Amino acid sequence: MAFYRAQGSIPPKRHTQHRTPEGDLYFEELMGEEGFSSDSSLLYHRFIPSAIEDAADWDLGEALRTTPNHPLLPRHLTLHDLFDDTSTDVDVVTGRRLVLGNGDVRISYVVADVASPWYRNGIGDECVYVERGGARVETVFGAFTVGEGDYLVIPRATTHRWLPLVEGEEGYTEPLRAYCIEANSHITPPKRYLSRFGQLLEHAPYCERDLRGPEGPLLAEHIGADPSESTPVFIKHRGATGIVGTIYTYPFHPLDVVGWDGCLYPYAFNVSDFEPITGRVHQPPPVHQVFEGQNFVICNFVPRKVDYHPLSIPVPYYHSNVDSDEVMFYVDGDYEARKGSGIGKGSISLHPGGHAHGPQPGAYEKSIGVEAFDELAVMVDTFRPLELGEAGTAVDDGKYAWSWIGGRRG
0 MAFYRAQGSI PPKRHTQHRT PEGDLYFEEL MGEEGFSSDS SLLYHRFIPS AIEDAADWDL
60 GEALRTTPNH PLLPRHLTLH DLFDDTSTDV DVVTGRRLVL GNGDVRISYV VADVASPWYR
120 NGIGDECVYV ERGGARVETV FGAFTVGEGD YLVIPRATTH RWLPLVEGEE GYTEPLRAYC
180 IEANSHITPP KRYLSRFGQL LEHAPYCERD LRGPEGPLLA EHIGADPSES TPVFIKHRGA
240 TGIVGTIYTY PFHPLDVVGW DGCLYPYAFN VSDFEPITGR VHQPPPVHQV FEGQNFVICN
300 FVPRKVDYHP LSIPVPYYHS NVDSDEVMFY VDGDYEARKG SGIGKGSISL HPGGHAHGPQ
360 PGAYEKSIGV EAFDELAVMV DTFRPLELGE AGTAVDDGKY AWSWIGGRRG
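Each residue of the sequence shown is one higher than the one before, counting from 0 in numbering that gives the first Met the number 0.
Be aware that one or more of the hints could be misleading.
What the hints assert, rightly or not - Here are the computed lysine to aspartate or glutamate pairs in the DMTMM-like style, where the Cα-Cα straight-line distance is at most 25 Å:
no. : residue 1 : residue 2
1   : K190      : D272
2   : K365      : E386
3   : K304      : E364
4   : K344      : E52
5   : K344      : D331
6   : K190      : E173
Just so you know, the hints here were simulated from the structure itself, not pulled from any lab data. Note that the structure is a prediction, hence the values are computed from the model and not measured.
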């Protein structure tokens, strides 16, 4: 996100001496993308950021294994069945369960009730959508409080941890439910929303005012920790056979950044600040786009007025995803196009490339005359086929594919 910020103590000139009050040097770290050719930030550490005292295997086991969607089927996955009241001591990092994935993106879901370990994704950016509940997220750039409807975009290699807010804390009445989108690339606003200098343009459905940066700097002593305590950090990274995990132990606490500046940092955006684009006839899905990564896009469908042509049909027309798989996560509201399919809050629909899909029987005609849709959903479209993770396989309803013929398998 090419939007400059500066926080904390930084020197007047980059790559020059910056000293502690006692006269010692702080250690400058350039965190940059695309080999010094894209966005970056400079962070100033108390300790040498390269120093580690131990490295151990983080066994990811079968958690990231996928199964092909074959024979090719549209699917309905019920995410709320993945965790129940007996699912305790679950954290956002190690407790997330893989629903769908391919070589570009992985979609996971978690209901968390305990603090995560310190974590760094060394493979790509993460975009985490908070379905319910809230959390404090502490990062080396600063802290966020996130709640229902927030996206948190976390750049690759950002050390951070998640601390769910317990029921009753700060007014939250539900556990933290998080929908995690992990890229093998960077996640950015769509290029068509940006000027050639990186500013969000007038036709974009959100602007820089809607983005919340981290509050900081955040140092170990601010959270009651010892700056010199050894701390494990869980890292996902590339391996010869795919994604692997390592646990580094640092001889200091990761919250040691006294200041930073630049255009690369985590930020939050609430879905309620997305301004929907509507028209006289049905608008195509790209008008709902909020972010993009390599070979995938993220869209959101928010409450909105719908088509106002006198002969309009407000629900989507039937369409074939000839170049992509479509994943819709239904968060809230009433889904006009899906009535009769069994889909409700907490559902995912997967409509794969090669399958023509659209409204359920009866919804096409019944939508005529409707003036507004009260629905909230997050959509991921991928340009390579998705496979089922263990969580997706566990909560597949097994019958959605036949819902267009009234539930009878042909």
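Results for each hint:
A distance of roughly 19 Å separates the Cα atoms of K190 and D272; the hinted pair therefore holds under the 25 Å criterion. This hinted pair does not check out: K365 and E386 have alpha carbons roughly 34 Å apart, beyond 25 Å. With a CA separation close to 18 Å, the supplied pair K304 and E364 stays within the 25 Å bound. At roughly 46 Å between alpha-carbon atoms, K344 and E52 are farther apart than 25 Å, so this suggested pair is violated.
This hinted pair checks out: K344 and D331 have alpha carbons roughly 6 Å apart, not beyond 25 Å. Taking the CA atoms of K190 and E173, the gap is near 36 Å; set against the 25 Å cutoff, the hint is violated.
Violated hints for the displayed structure, listed by number in ascending order: 2, 4, 6.
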